[in-house]
Amino acid sequence: MILFTAIILVASVVHVVVSSPQQCYYCVEDDCETMSLWINQTCATSQRSLGTSHCGTAAVRYHEGYLGGVPLETTVKGCFDCTDKSAACFALAGLLKSSLGWVVQQCDINCCNDTNCNTNVTILSQNATNVLRRDAFGTTSCYECEESDNYTCILKQQSQTCRTSRAALGITHCSSAKVKTRNVLTGTVDVSFIRGCISCEDKKSACALLAGSFKFRKHATMLECDIECCNGSYCNDGAASLSKCFHCMEDDGLSCSARQQRQICSLDPESLGTTHCGSAVGRKRNQNGAIQNYFYRGCFDCSKKKEACFTLGGYWKGDVNAPGATTLLECELQCCDPNVINGSYCNVETPILKPAAITVFTPTVTGPAQCNVCLEKDETSCSENQQTQVCGIDPYSLGTTHCGSAVGRYRQSNGDMVYGFYRGCINCADKMAACAAVGGFRKNVQKWTQLQCEIECCTEDNCNTHTPRLVEVEQPNSAPRGEIHQLFRCTFVAVFIVFACFIVC
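Letter by letter, the sequence shown follows residues -19 to -1, 1 to 486 in mature numbering (1 follows the signal peptide of the UniProt record, and there is no 0).
Hints in this document: simulated from the structure, not taken from any laboratory. Watch out, some of these pointers could steer you wrong.
Stated by the list, open to error - With a cut-off of at most 27 Å between alpha-carbon atoms, the simulated BS3-like pairs for lysine-lysine come out as follows:
| no. | residue 1 | residue 2 |
| --- | --- | --- |
| 1 | LYS287 | LYS335 |
| 2 | LYS358 | LYS335 |
| 3 | LYS161 | LYS137 |
| 4 | LYS159 | LYS185 |
| 5 | LYS335 | LYS285 |
| 6 | LYS286 | LYS428 |
| 7 | LYS428 | LYS285 |
| 8 | LYS199 | LYS159 |
| 9 | LYS185 | LYS199 |
| 10 | LYS428 | LYS335 |
| 11 | LYS137 | LYS358 |
| 12 | LYS335 | LYS286 |
| 13 | LYS161 | LYS199 |
| 14 | LYS287 | LYS428 |
| 15 | LYS159 | LYS137 |
| 16 | LYS358 | LYS428 |
Construct the complete structure from the given sequences, taking the supplied hints into account.
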């Protein structure tokens, strides 16, 4: 039924069939009082055109924002689609809110269908359309976003205060909408996902508000509108059913708590898992060799804490903007389940570093001085292009105890499955932990999620000439970005960008 409303919207709000009139008089406010100040508006291409089927003269009563003073009245002339005059008024209200910040309370419009026929005067009548009410009760805040895909919209949604936000299109409801638009200049058809404050007494009017707003902001004519509305603060949370954790990285727990933000585990490119929220404390070494404390909160896969700590260590190692800036030495981790009732944001604990904390990278442990290093799609190209990595000093080295060769299967951020092959220095006493470290490493650099891998390790210089093989597991060709799985079966990964850095080094 929502889509049916959208199809009506195509015909009634933003009619796109070119017909008479091709242009109308356009003016706003005082300019409408003097005909010599009226300008010609081309209905098919003007940024402020609200249709192609009619010319119209609208009388509006408005406030300059929801917190403005006395109401003002003015006239607006231009191109409209007046098949449904109420929808035309809502479209005008959406355009004026986005362009001038006006909150249109009432609107009356008279229309005609000849070129520049809108020379008439319109006054507000008792039957004027009520549009955006300032005294309405409803929502105080909603989530706000506008992106080309739903996952990114959810990930980037921010708080919007309905009465003060310039982008808000009402104060009674929160909305989530998928709209299809056509750019009036290029003809490009785009799909957008939108959340925000809106007036949604009926969905057709709400879609008309969006149509007017889009016409000004995007120079685009709305073709379809599929909208859902609710009337509780933040009720349009796209992540309501998704696991969420607090996320921060600081020197101590107090600073982390003061600066922490929301992390959506299945969508955030920095998420280190989907099954748990965690708080970690420990020691790290910076690029100058200084030992420092750290405190971290975020999403984890914490069924095995050692692997979770190695994932964090590998993630920090993969910082290509600050190579070698963070080498994780010790890790004390506490985890909780965000999937239980009221479990989201459960990682509020402050663990204390204990003598038996998990050791991650051990730079002083002796092992091979150097290993073969490469990052390619398969073993053949890896062997052809491999270089030498000095384990103790290379900023991207993942250990000093072993040389390793790994093959893996990964999910890219767009959901596609890919394979990769890596050789390099690594701590490989525990293969599962080694896999976790490199999984975190690749997550930082390429935002890839590790699914499966096989790794073989050795302890002599440049001994990593192995060719491990994956045990095939049936996988879909692609998967939604909202689904992130970890099949830690000796998983190990690395990064193309890093390989370039190795060559430079």
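Tested hints:
{"no.": "1", "hint": "LYS287 - LYS335", "in the structure": "14 Å, holds"}
{"no.": "2", "hint": "LYS358 - LYS335", "in the structure": "41 Å, violated"}
{"no.": "3", "hint": "LYS161 - LYS137", "in the structure": "20 Å, holds"}
{"no.": "4", "hint": "LYS159 - LYS185", "in the structure": "14 Å, holds"}
{"no.": "5", "hint": "LYS335 - LYS285", "in the structure": "18 Å, holds"}
{"no.": "6", "hint": "LYS286 - LYS428", "in the structure": "22 Å, holds"}
{"no.": "7", "hint": "LYS428 - LYS285", "in the structure": "22 Å, holds"}
{"no.": "8", "hint": "LYS199 - LYS159", "in the structure": "15 Å, holds"}
{"no.": "9", "hint": "LYS185 - LYS199", "in the structure": "20 Å, holds"}
{"no.": "10", "hint": "LYS428 - LYS335", "in the structure": "32 Å, violated"}
{"no.": "11", "hint": "LYS137 - LYS358", "in the structure": "32 Å, violated"}
{"no.": "12", "hint": "LYS335 - LYS286", "in the structure": "14 Å, holds"}
{"no.": "13", "hint": "LYS161 - LYS199", "in the structure": "12 Å, holds"}
{"no.": "14", "hint": "LYS287 - LYS428", "in the structure": "22 Å, holds"}
{"no.": "15", "hint": "LYS159 - LYS137", "in the structure": "16 Å, holds"}
{"no.": "16", "hint": "LYS358 - LYS428", "in the structure": "17 Å, holds"}
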